[in-house]
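Number of protein chains: 2
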Amino acid sequence: MKIDGKAWRSIWVQPDGWSVGIIDQTKLPHAFITARLASASEASHAIKSMMVRGAPLIGATAAYGLCFALREDASDNALNRAYAFLLAARPTAINLRWALDEMRNLLLPLPPAQRVEAGYATAAKICDDDVAICENIGVHGLRLIEDAARDNPEREVNILTHCNAGWLATVDWGTALAPIYMAHDAGVNVHVWVDETRPRNQGAALTAWELGKHGVPHTIIADNAGGHLMQHARVDMCIVGTDRTTARGDVCNKIGTYLKALAAHDNGVPFYVALPSTTIDWTIEDGIASIPIEERAPEEMTRITGRTANGDLCDVDIAAPGSPAGNYAFDVTPARLVSGLITERGVCAASSTAMLELFPERGK
Amino acid sequence: MKIDGKAWRSIWVQPDGWSVGIIDQTKLPHAFITARLASASEASHAIKSMMVRGAPLIGATAAYGLCFALREDASDNALNRAYAFLLAARPTAINLRWALDEMRNLLLPLPPAQRVEAGYATAAKICDDDVAICENIGVHGLRLIEDAARDNPEREVNILTHCNAGWLATVDWGTALAPIYMAHDAGVNVHVWVDETRPRNQGAALTAWELGKHGVPHTIIADNAGGHLMQHARVDMCIVGTDRTTARGDVCNKIGTYLKALAAHDNGVPFYVALPSTTIDWTIEDGIASIPIEERAPEEMTRITGRTANGDLCDVDIAAPGSPAGNYAFDVTPARLVSGLITERGVCAASSTAMLELFPERGK
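Sequence lines, in order, name chains P and R.
First residue of the first sequence? That's 1 in our numbering, and the numbers climb one at a time after it.
First residue of the second sequence? That's 365 in our numbering, and the numbers climb one at a time after it.
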């Protein structure tokens, strides 16, 4: 999407034809700094340190990381070593393993001399495929926003989102934000309520930043505020992303998503979840019982980075000294609270039947 | 309640017998600093700058402020001037007006020479009455906690609270926290989930501080986390305070309370609201339609004060630069989501009938 009028992706091959550029997302929203990755260790470091985050972008970064390794040594041994090394950067990221498997399965059968070129082509395809999937999510979600705009032609369509499911988390477009960018670009009058998304503040830091840079009207709100806004008919729909969706449509996403879904349900506000079908876990049904929820460092709750008056970045402690903090990263929204899943193939109800109709190849 | 083993109130007459001590709550949780108030302007400043906050404590501070003015000039004119001056410190605080009315109505009929002594006696009574009300709320709420403890004798009783309805907001005990302090002091194994309470962080800053200083086990969590904890049976009950309750039991409280009440309802967790009956607004029924919600400065969302590594306090900007922010201070929880109101007279259902049974003098 655009930054101050210029089109960007979250990862790109540099003019030298082989090294790769990324946006250092650890510096956002305080500073816009790009970084050049030119070795497998730099790619691994970028993933580990969260300079790049979001499942699709992590996968793409690892794919290029493998290319860098192959430029130095394209042997089977080197390929397997680089695979293991990059996979270790964030061992629980399913998409990281998927991208590395794609690369290795395609490259190992080839003669070493052809591997670098084929590797770059595959990495580029991984990126382009992700863009195409997000674009299709955008096209299907756009119709929902256009319908809402037709229902209320005199005023803006107010959409609430939680966390960051934007182009910074993918290669371009994003998932939850793709329909919003398309609506905005098509001239629909959209306004986005951006949940701050404590404790890591991905909403206030990343979603607000990317919407602002692209020129989409938005307002940052406390995670506490969505219910009040829905009670007063100031939200027309919610669109959020997801890390994992179960076969019956339970949605695991950033902590707090469930609370917004409850408020949407209580106020008759449609609650949509945008997702690439690759994040559907067809092996489980009950998300609350089956999905373990990561607990992260308490310091993410009690310490925060911000800009001082003179522009320096500074970490400050904000909670009562010595008080323990709990940091639960995700929650599960039961399918009964989800109005629809926006996938690259279309929109369907959050139910086994509807999901299998859209993805019949998953039926038994 | 106690700070490191020593009993405190949030306001007290100094050993000199006339000036008043307070805790500078703007410095909490980063530093524990008391301040001495000795003039009406110092009392007004303490209210305006939120060195003191919470309806009962604001009223008590204003009452003593009036005493300070009378020590200098006890004439009718001076009394009326001080009344108006102190009322202007926070014109929308209902309890501030109530305390000043109490003082003026009692003092104006007296000869000026008796006003100072009678003023101090009335201010002390306002404080003691508030302590007695909170203590009674505590006694009634304690039974609910003891019942929960009996249901699960092998483990702790987990109570979730939002914002700060503790002794710092009153003169002593607090409202929502009074039953918790009593349970803890009575040896019940309680643990409190403390909602951070964005944007002003009264939970992480004030509730965690006062629970910690009194020795009550607690854990700070993101406002987003309560639903997840309730889904996994890690919350036995919620107890929150309220700024205003309608005649049918709709509850206006800090923004985000409604979302927790929805989650409690969805998971069968009792949701209690603790309140002095003076905060019941018998003139309105529908809280969502009738209570205007204050919108505060966006900087409360985008800027935060914390401690740097060397212990200095520092304000930092945390959101995407230039992104607008909305700051809605309260929301309304419909009576249907409230399991019970804990008042100084006992616990009742959140309904006109039950409330009038407990407060029959309000019946028509």
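Each hint should be verified, as a subset may be incorrect.
[As the list claims (entries may be wrong)] Under the rule of at most 25 Å between Cα atoms (straight-line distance), these lysine to aspartate or glutamate pairs were calculated in the DMTMM-like manner:
| id | chain 1 | residue 1 | chain 2 | residue 2 |
| --- | --- | --- | --- | --- |
| 1 | R | Lys412 | R | Glu658 |
| 2 | P | Lys27 | R | Asp679 |
| 3 | R | Lys391 | P | Asp315 |
| 4 | R | Lys391 | P | Glu300 |
| 5 | R | Lys577 | P | Asp312 |
| 6 | P | Lys27 | R | Glu658 |
| 7 | R | Lys391 | P | Asp185 |
| 8 | P | Lys125 | R | Glu663 |
| 9 | R | Lys412 | P | Asp312 |
| 10 | P | Lys213 | R | Glu658 |
| 11 | P | Lys213 | R | Glu664 |
| 12 | R | Lys391 | P | Glu285 |
| 13 | P | Lys27 | R | Asp549 |
| 14 | R | Lys370 | R | Asp549 |
| 15 | P | Lys213 | R | Asp681 |
| 16 | R | Lys391 | P | Asp317 |
| 17 | P | Lys213 | R | Glu466 |
| 18 | R | Lys391 | P | Glu299 |
[What the hints assert, rightly or not] Which chain R residues stay away from chain P? Per the calculated CB distances, all over 10 Å, these:
| id | residue |
| --- | --- |
| 19 | Gly385 |
| 20 | Pro393 |
| 21 | His394 |
| 22 | His409 |
| 23 | Pro476 |
| 24 | Trp557 |
| 25 | Arg562 |
| 26 | Trp646 |
| 27 | Met665 |
| 28 | Gly670 |
| 29 | Asp681 |
| 30 | Ala683 |
| 31 | Pro688 |
| 32 | Asn691 |
[As the list claims (entries may be wrong)] Distance windows between CB atoms, simulated:
| id | chain 1 | residue 1 | chain 2 | residue 2 | range |
| --- | --- | --- | --- | --- | --- |
| 33 | P | Phe32 | R | Thr672 | 52 to 58 Å |
| 34 | R | Leu677 | P | Thr92 | 34 to 40 Å |
| 35 | R | Gln378 | P | Thr308 | 44 to 50 Å |
| 36 | R | Asp650 | P | Val139 | 37 to 43 Å |
What the hints contain is simulated information worked out from the structure, not anything from laboratory work.
Nothing here was measured: the structure is a model prediction, and the numbers come from that model.
Cβ atoms here follow ideal geometry from the backbone N, Cα and C, with glycine treated the same way.
- For Gly670(R), which was marked as not at the interface, is the minimum beta-carbon distance to chain P over 10 Å? violated, 3 Å
- Task: Below or equal to 25 Å on CA atoms is what counts here, so check Lys391(R) against Glu285(P).
- Result: violated, 49 Å
- Message: Tell me if the straight-line CA distance from Lys213(P) to Glu664(R) falls inside 25 Å.
- Response: holds, 23 Å
- Message: For the hint 44 to 50 Å, verify it against the beta carbon of Gln378(R) and that of Thr308(P).
- Response: With a Cβ separation near 38 Å, Gln378(R) and Thr308(P) fall outside 44 to 50 Å, so the hint is violated.
- Query: Met665(R) clear of chain P by more than 10 Å, beta carbon to beta carbon?
  - Reply: violated, 6 Å
- Could you grab the alpha-carbon distance between Lys391(R) and Asp317(P) and see if it respects the 25 Å cut-off? At roughly 13 Å apart (the allowed maximum being 25 Å), Asp317(P) and Lys391(R) satisfy the hint.
- Taking 10 Å as the cut and beta carbons as the points, is Asn691(R) off the interface with chain P? About 7 Å separates Asn691(R) from the closest Cβ of chain P, which leaves it inside 10 Å; violated.
- Query: Are all C-beta atoms of chain P more than 10 Å from that of Asp681(R)?
  - Reply: violated, 5 Å
- Item | Given pair status - Asp681(R), Lys213(P), alpha carbons within 25 Å | Given that 25 Å is the threshold and the Cα spacing comes to 18 Å, the pair holds.
- Straight-line Cα separation of Lys213(P) and Glu658(R) no greater than 25 Å? Distance of about 30 Å is beyond 25 Å: violated.
- Task: Could you let me know if the closest chain P CB is still more than 10 Å away from the CB of Ala683(R)?
- Result: violated, 4 Å
- Sort out whether Glu466(R) lies within 25 Å of Lys213(P), counting only the CA atoms. violated, 55 Å
Checked against the numbered hints above, the structure breaks hints 5, 6, 7, 8, 9, 10, 12, 13, 17, 20, 21, 24, 25, 27, 28, 29, 30, 31, 32, 33, 35 and satisfies the rest.
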